[in-house]
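Fit chain B with the ligand to the known structure of chain A by using the hints.
The residues making up each chain are set out below.
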Amino acid sequence: MDDKIVKPEPPLGGPPQGSRPHAPVGDGCFLGEEMKPQAPSYKEALARIKNWFRANSLWVMAYGTGCGAIELRPLATARFDMERLGIAMRPTPRQSNVLIVSGYLAVKSLKRVIRSYEQMPSPKWIVALGSCTINGGMYWDSYNTINRLDLYLPVDVYINGCMPRPEALVAGFQELMRRIKKGEADGWRHYMENLDWYKENQKKIITDWDLPEYNW
Amino acid sequence: MSPSELSLLPKLFWVVVSVVGAIAYGLVIGGIIRKVMARIQGRIGPPVYQPYLDLFKVIFQRTATWHGYMFYLGPVFRAAGAIGLFLLIPVVFGDPRFDNFSFNGDLLMVMYFMFFGCLGMALGAAEGGHPHSVVAITRGLSQMTAYELPFSLAVVAIAAQTGSFSVHQIVAAQQGGVGHWFLFTNPLAAVAAFLAFLGMNMYSPFDIVLAPQEIPIGPPTEYNSAFMSAMMSGRAIFGVAKCVLYMDLFLGGATTILAAIVKVFFIYFWSIFVGAVFPRFRTEQAVRFFLGWPTAAGVAAVLAVMLF
Ligand code: SF4
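These protein sequences, in sequence, are chains A and B. Residue numbering for the first sequence follows the working numbering, starting at 2 and increasing by one per position. Residue numbering for the second sequence follows the working numbering, starting at 2 and increasing by one per position.
The shape of chain A in the complex, shown without the other chains (with noise of 0.2 Å):
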């Protein structure tokens, strides 16, 4: 056991909402108007036809982090086929909008996901697989594994399970689909106005912090 390494309490109510705004981020290069409630109706109609392509052309950036990165796999294969949703493997972040964290995430590995999850250009959704990232999972009382991902990160969609099976991977996508096709799936615009919430969160676990403010 390694004392050094301190779990932060984990806060009942959840990320602080509508917090102020992280001012230098914040400067339009990320928060497009088009999720906005009150725009008008040609940028919701605009937004929405957006939300449709982007929904239909899912980029999943290939990084496994627990044990449930096999269940990735059989995606691809031809009992499963997550093409036919328009879903592809891309191996670089640049050109990811989806990052699956697939399972219990050791603190250091959680340091990869967050430089990996920021360089991926907006609009981005992370999928939580597994109930590594919902609670812990039986890994709940190890020294080094965090217990909630969405303390660190924001989650889009829960996918339950020990180990989920591609059958649940997939109706986990499809109801991301859903989410965005509908505009509700904006965790990313949560991670940037909210960013000094989770960066401190953030340092409270990775006490080795050698990362930038942000990696861009």
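Just so you know, these hints were derived from the structure itself, not from any lab. Just so you know, even glycine gets a beta-carbon here, dropped at the ideal spot from N, CA and C. Keep in mind that a hint or two might mislead.
Heads up, simulated DMTMM-like pairs for lysine to aspartate or glutamate below, C-alpha to C-alpha not over 25 Å straight-line [to be verified]:
1. B:Lys-36 x A:Glu-168
2. B:Lys-36 x A:Asp-82
3. A:Lys-204 x A:Asp-151
4. A:Lys-183 x A:Glu-119
5. A:Lys-182 x A:Glu-168
6. A:Lys-109 x A:Asp-151
Computed spacing ranges between beta-carbons, pair by pair [stated by the list, open to error]:
7. B:Val-263 x A:Thr-78: 30 to 40 Å
8. B:Leu-142 x A:Gln-175: 38 to 48 Å
9. B:Val-18 x A:Lys-182: 32 to 42 Å
10. B:Val-18 x A:Glu-214: 46 to 56 Å
Relative to chain A, chain B with the ligand alone:
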């Protein structure tokens, strides 16, 4: 036949139409390829219009990274090379609207443009600084140098047979029936060129440049958003332009749009079907392959034209 049969403005209009049409057709071919490959692998596969979804999705993305000017010029060079290549090749023989800007000796220019896009891309991708890009560029340039040899020999053989370096006259020399196509009158050159085409298209036996599985996706590793979309449309038009060139050189060109579409489709799918059944070559194997039988066929073609 002079290319200036139309005055400038209608000419420009038809140029824009043919470029947009070529991009659209290239994207559709990309979708058909994905569908066909999926069916070969026993999958359902994405819809045929999937490349359009991907293209527009990519355009709607935003990022704020900075890698230097050359990095951003890379896709521009690539797209410019592809469009330049396309504009030099007559698509429909004898139709001033789709004649593009062919002139005497344009075949040399065409071969230059084929290199130009790849070189621009290599410079730009190297500026991104990603080690995977550099690895892929090294592989890509060696493979390109290797397949360029049989291709050039085939072109020289065809040009010697016609006595001209003009694509227009090469097409004119093949009119009058299927038997006049250089595919049949100069089969050795056709063998060399169509084997080189496999490397040019970078599908399966020679797809180590893009290496979709192990080094991310080659030179485009660091590209995203609008640059990615420029590269996707550049790739689409480049694929079509290469097939149009092959059509003009070996399949007797086309006298109608429909014939052009059909011939381009079959030339494109020659590399797809070969790719579906053959596993991948490593770079040095690819280089050795191109310098072997394809080059021998090219040399034989040139000798045959000179001797007989
Ligand atoms: S949820 Fe189960 S399968 Fe998934 S990472 Fe955790 S222990 Fe492994």
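Hint check results:
Proximity of Lys-36 (chain B) to Glu-168 (chain A) is assessed by CA-CA distance (about 22 Å); at most 25 Å being required, the pair is judged to hold. Only pairs whose Cα atoms come within 25 Å are accepted, and Lys-36 (chain B) paired with Asp-82 (chain A) is accepted, the gap being roughly 12 Å. Only pairs whose Cα atoms come within 25 Å are accepted, and Lys-204 (chain A) paired with Asp-151 (chain A) is accepted, the gap being roughly 14 Å. Between Lys-183 (chain A) and Glu-119 (chain A) the CA atoms are separated by roughly 24 Å; this keeps the pair inside 25 Å, and the hint holds.
For the given pair, Lys-182 (chain A) sits about 21 Å from Glu-168 (chain A) by alpha-carbon distance, which is consistent with the 25 Å threshold. The straight-line distance between the Cα atoms of Lys-109 (chain A) and Asp-151 (chain A) is roughly 17 Å, inside the 25 Å bound, and the hint therefore holds. The supplied range of 30 to 40 Å is met by Val-263 (chain B) and Thr-78 (chain A), whose beta-carbon atoms lie about 34 Å from each other. Range check, Leu-142 (chain B) to Gln-175 (chain A): Cβ separation about 43 Å, and the 38 to 48 Å hint holds.
Roughly 34 Å separates the CB atoms of Val-18 (chain B) and Lys-182 (chain A), a value that falls within the hinted 32 to 42 Å. A hinted range of 46 to 56 Å holds for the C-beta pair Val-18 (chain B) and Glu-214 (chain A), which are about 49 Å apart.
Of the numbered hints listed earlier, not one is contradicted by the structure.
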